[in-house]
Every structure is written in C-alpha cells, then in structure tokens.
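S.K.: Sequence:
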Amino acid sequence: MIAELVIGFIVGVAIAVPVWIVAQHLGIGRGFHAPRGIDRRDAVPCELVPVALRGRLLPDVGGEEADERHERHERHERDSKAAR
Numbered sequence: 001m002i003a004e005l006v007i008g009f010i011v012g013v014a015i016a017v018p019v020w021i022v023a024q025h026l027g028i029g030r031g032f033h034a035p036r037g038i039d040r041r042d043a044v045p046c047e048l049v050p051v052a053l054r055g056r057l058l059p060d061v062g063g064e065e066a067d068e069r070h071e072r073h074e075r076h077e078r079d080s081k082a083a084r
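First residue of the sequence shown: 1, per this note's numbering; consecutive thereafter.
Since the hints were derived computationally from the structure, they do not count as laboratory data.
By construction, the Cβ of each residue, glycine as well, lies at the ideal position given by its N, Cα and C atoms.
Wrong hints could be hidden among the right ones.
[As the list claims (entries may be wrong)] Ranges of calculated distance between the beta carbons of each label pair, as one might list FRET restraints: (1) 47 to 9: 38 to 48 Å; (2) 43 to 2: 46 to 56 Å; (3) 39 to 71: 33 to 43 Å; (4) 11 to 51: 43 to 53 Å; (5) 11 to 42: 42 to 52 Å; (6) 79 to 42: 58 to 68 Å; (7) 48 to 12: 51 to 61 Å; (8) 18 to 43: 48 to 58 Å; (9) 81 to 54: 24 to 34 Å; (10) 9 to 74: 58 to 68 Å; (11) 69 to 16: 52 to 62 Å.
Full structure from sequences and hints, please.
M.R.: Structure below.
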C-alpha cells in the first residue's frame, strides 16, 4: 500500500516536471491579464477590519478606558451584593 503511494508520487512528479517546464517556456498560465483601458492606479482603496462575532469584552483588552469601565462594573456588583 505504502509502496504504491510512493511509486504513484514519483510517477506524478516525473510527469509534472516536464509539463511544467514546457508550460513555462510557452508562457501558458501567466495569470490574469487586465483588459486594455484599465489602470491599476485607479483602483478603489480597501481596508480590512477585524470583526468579532459572538465576542465578549475581556478585561485586558481595550486599553485604560476599558479597564476603568471593568473596575467600575466590578465595584458596582460588589456594592449591590453588599446592599442585599
């Protein structure tokens, strides 16, 4: 079983390497060629922004403002438990 897989891999490489060399020589598969009249410099800028789905606020994330909010929330919970 393993021997057949190794032989198949070697045969695949032996076939693929000459095909790849010929394709490189002929210029086949050079990628997408944009039609005439399209300038890459006219592209619209795009910004990728990370988004958390079903995320939770973590106490160590968000800087000082988030830490202060977290501390106030904890103090409020302690005070409300003490008042009960």
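S.K.: Each hint needs a verdict: does it hold in this structure or not?
M.R.: Comparing the hints with the structure gives:
1. For residue 47 and residue 9, the Cβ-Cβ distance of about 43 Å falls inside the hinted range of 38 to 48 Å, so the restraint holds.
2. Separation of residue 43 from residue 2 is about 50 Å and conforms to the stated range, judged on CB atoms against 46 to 56 Å.
3. Distance hint check: the CB atoms of residue 39 and residue 71 are about 53 Å apart, inconsistent with the given range 33 to 43 Å.
4. The hinted window of 43 to 53 Å between residue 11 and residue 51 holds, with their beta carbons roughly 46 Å apart.
5. Against the hinted window of 42 to 52 Å, the Cβ-Cβ separation of residue 11 and residue 42 comes to about 48 Å, which satisfies the hint.
6. Look at residue 79 against residue 42: about 59 Å separates their beta carbons, and that is inside 58 to 68 Å.
7. Between residue 48 and residue 12 the beta carbon distance is about 37 Å. The supplied range of 51 to 61 Å is therefore violated.
8. A C-beta distance of roughly 38 Å is found between residue 18 and residue 43, which places it outside the suggested range of 48 to 58 Å.
9. Taking the beta carbon of each, residue 81 and residue 54 are about 28 Å apart, inside 24 to 34 Å as hinted.
10. Separated by about 60 Å at the C-beta atoms, residue 9 and residue 74 satisfy the suggested range of 58 to 68 Å.
11. At about 58 Å, the CB distance of residue 69 to residue 16 agrees with the hint of 52 to 62 Å.
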